[in-house]
Amino acid sequence: MEFVDDEIRIDKPPNDLDALVLDVVDVLEAAGVGYVVVSGYVVVLFGRARATEDIDVIVERFDEDTAEEIATALRDRGYWGPAMPLNDLYDTLNDGLPVRVAEAEHRVPNVELKFPTDEYDRASLDDTVTVRLSDESLRVGSIELQIAYKLGMGAQKDYEDALYLHELFADRVNHQELQSYVERLGVEDEYDRLD
Amino acid sequence: MTDSTEPNYERNREHRREQIREWAAYVREHPDDEWGRQVNRVVDAQLQSARHFEDERPDIDEFEDSPLFD
Chain P
52 MEFVDDEIRI DKPPNDLDAL VLDVVDVLEA AGVGYVVVSG YVVVLFGRAR
102 ATEDIDVIVE RFDEDTAEEI ATALRDRGYW GPAMPLNDLY DTLNDGLPVR
152 VAEAEHRVPN VELKFPTDEY DRASLDDTVT VRLSDESLRV GSIELQIAYK
202 LGMGAQKDYE DALYLHELFA DRVNHQELQS YVERLGVEDE YDRLD
Chain C
2 MTDSTEPNYE RNREHRREQI REWAAYVREH PDDEWGRQVN RVVDAQLQSA
52 RHFEDERPDI DEFEDSPLFD
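Heads up: the protein sequence lines correspond to chains P and C, in order. For the first sequence, my numbering begins at 52 and goes up steadily by one. For the second sequence, my numbering begins at 2 and goes up steadily by one.
This is chain C alone, in the form it adopts within the complex (with noise of 0.2 Å):
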């Protein structure tokens, strides 16, 4: 059976890589003042909101031997 989900899969793949380029060329070519702020933005935002629901969520070390891990 064909997957129908496969190209837009590699599509989505691809479209992610080029995006990546794209960043990485406009790091290289601007001030990092300017790509620094946003990607404080990002990595400050993701760790307000991790710390958020951090009693929440169970410490990974109780399931390292589970298989879903594996």
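With the rest of the complex left out, here is chain P (with noise of 0.2 Å):
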């Protein structure tokens, strides 16, 4: 893993995780969206070997024409929504709700596309840094604040997600950014069993 200037290179072959959510957010580039990668497969992409099924992208508010052309792009590079039918995209989106992406006739592995719904979802899509995997590259959250929301969030799992991230990054994490996170997110204890 190097770190060339705001960008991290990982030269590995891709799996199929990370073959499906480069051509989903290749896509939401050239429809000119804005998007973030987030949670889970984020910690799998540093190398953390666990199980997910599903990657979460939280995209900018988009209209209802781009929405459209964003639907026909998935369709003819042969995706589906599993849980509802691309046509739905915006509806659906606008509706608070996350719309789900998959290869025609699967429901997994899935990329949950959703509109921005609180202030973190916000600072994902503001503080974003730049992978660079093989050939390709993509936008995932930053580091700090994905250590602080995955503390949050509880679970055993998502708690060790947030160790893995701190020790992979630990010379390279801005501590007083993951400090304001932490506080923000009153994770300060969890934060505190880190160490």
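Worth flagging that the hints you see were computed from the coordinates, not collected in a lab. Just so you know, these numbers come straight off a predicted model, no measurement behind them. Using N, Cα and C, we set each Cβ at its ideal position, and we do this for glycine too. It is possible that some hints are incorrect.
Claimed, not checked - Not the full set, but computed from the structure, chain C residues with beta-carbon under 10 Å of chain P:
1. Ile21
2. Val28
3. Arg29
4. Val43
Now that you have both chains on their own, put them together as the hints suggest.
Below, the structure is given as structure tokens:
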């Protein structure tokens, strides 16, 4: 793993999760839609060997025409909405619900798209890190926010994800920024237990 | 009543944490291709298994209002 300017470079072949998310974010980028990949998949991308089937992606709000463009591009690439038709992309997101995207006739793995719903979704979109994986790239949420947010989720799996990121990026995280997120999320006790 | 399983649970949890710390150190210190191949094997095998059984399991959205998910 290399840290070059503001970019993290990972030189490994993509797995099936990587291939799916790279393809879907390519559609979003082609439509000019800002996005950020967050949560469990990010931890797996950085090397934690654990199971996950969903890739959470927060997308900047877009209009109905853009939604149609995205839905058409996803269908053309062989994707469908296993929970609801891609035709309902805009209405579903606009109702505050996530939209799952998976390869046609499959439900796993899937990318879960959603509009930002709280200040942390907003912060994730505003504070991203570019990860270059082989010849492609994607934007993930800042490591500091990922760690603090995972600590707030409460499950053992999430605590372990936070621990993994904290260990992996021990010399790289901005401790002031991490402390600030920890305080905003009220996870000081959980954070203290990481050491 | 004392829960006789608690010390084992705590020991197991600490053991898992130690494994995570060791794996993070391994990833930091080894070429991406080396740890990447191992992670890819875990991820792809799990997805293959999940896909094999995906038609047999219910859609979780059908149960979102269930008290089991509180």
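Going through the numbered hints above, which ones does this structure break? Give me the numbers in ascending order.
Going through the list in order, the structure violates no hint and respects every one.
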